[in-house]
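**Q** Under this note's numbering, the first residue of the sequence shown carries the number 319, and numbering increases by one thereafter.
Treat the hints as calculated values from the structure; they're not laboratory data. Glycine residues also receive a C-beta, built at the ideal position from the N, C-alpha and C atoms.
Computed spacing ranges between beta-carbons, pair by pair:
hint	residue 1	residue 2	range
1	Val394	Ala419	32 to 40 Å
2	Leu491	Ala399	37 to 45 Å
3	Pro385	Pro515	43 to 51 Å
4	Arg470	Val443	34 to 42 Å
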Amino acid sequence: MIALTRMRLHGFVRTGRAVAPLIAALAALSILYGGGQAEAGEAYGVSALVAFPVLAWQTKILLDVEPDVQRRLARVALGSAARETAAGLLAAAVAGLGTIAVALAAPWVFQAVKADANVPVGVAVLIGLGVHLLALGPAVALGALASRAVVRTAGMGVAVLVTGSVLAVVLGLQGSPAPWLVPPLMAAARYTASGGPTLTALTLTTHAFLWTTATTYAYTRLRRTRP
Numbered sequence: 319m320i321a322l323t324r325m326r327l328h329g330f331v332r333t334g335r336a337v338a339p340l341i342a343a344l345a346a347l348s349i350l351y352g353g354g355q356a357e358a359g360e361a362y363g364v365s366a367l368v369a370f371p372v373l374a375w376q377t378k379i380l381l382d383v384e385p386d387v388q389r390r391l392a393r394v395a396l397g398s399a400a401r402e403t404a405a406g407l408l409a410a411a412v413a414g415l416g417t418i419a420v421a422l423a424a425p426w427v428f429q430a431v432k433a434d435a436n437v438p439v440g441v442a443v444l445i446g447l448g449v450h451l452l453a454l455g456p457a458v459a460l461g462a463l464a465s466r467a468v469v470r471t472a473g474m475g476v477a478v479l480v481t482g483s484v485l486a487v488v489l490g491l492q493g494s495p496a497p498w499l500v501p502p503l504m505a506a507a508r509y510t511a512s513g514g515p516t517l518t519a520l521t522l523t524t525h526a527f528l529w530t531t532a533t534t535y536a537y538t539r540l541r542r543t544r545p
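Between the sequences and the hints, there should be enough to build the whole structure, so can you do that?
**A** Right, dumping it as structure tokens:
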């Protein structure tokens, strides 16, 4: 499974398909941080929200690089549909970590973080890492649902990505009737901007984990019927 994961990452990078989401992330972050300085928590919370659709799109691109016949052969070679599916998700998560590294460095490069004696740089980066990791799992799950192996057509894949990203914002607003239907990206952005009890952070993490688990389960079930 590790060999297949490495092969998919290799194909993603060597074919140049890794460039488009990286450029999109840089463009979005430059626009975000071009508006002025903000505290580290606020900057990183919004950054994770902006990175979510980029990470989901990146996952779709990575999973779509492999031709359908090669994907089926990989399943036969591994002797397990679950292992083949897991290798794709693992490759997408590793690729997402690279994009997250760019997002963590961006506010300092653009000098968009206000100096705060109460929040050392190391703590600020850890906050940013936490909130971006909270977005990574749901983004990989959404991107997997939009992959060609599930939706079959490019148009349907785009529809899944756009719908999921828009609903994450709309249903994540304060006063939403069903915030549990989407990953807690908006809630996390509010939390990092204003702070709050540790219990809230644990609740957000649990919410993101459960949403990712449910969506990944749906993806694996669909992959069983659509090899």
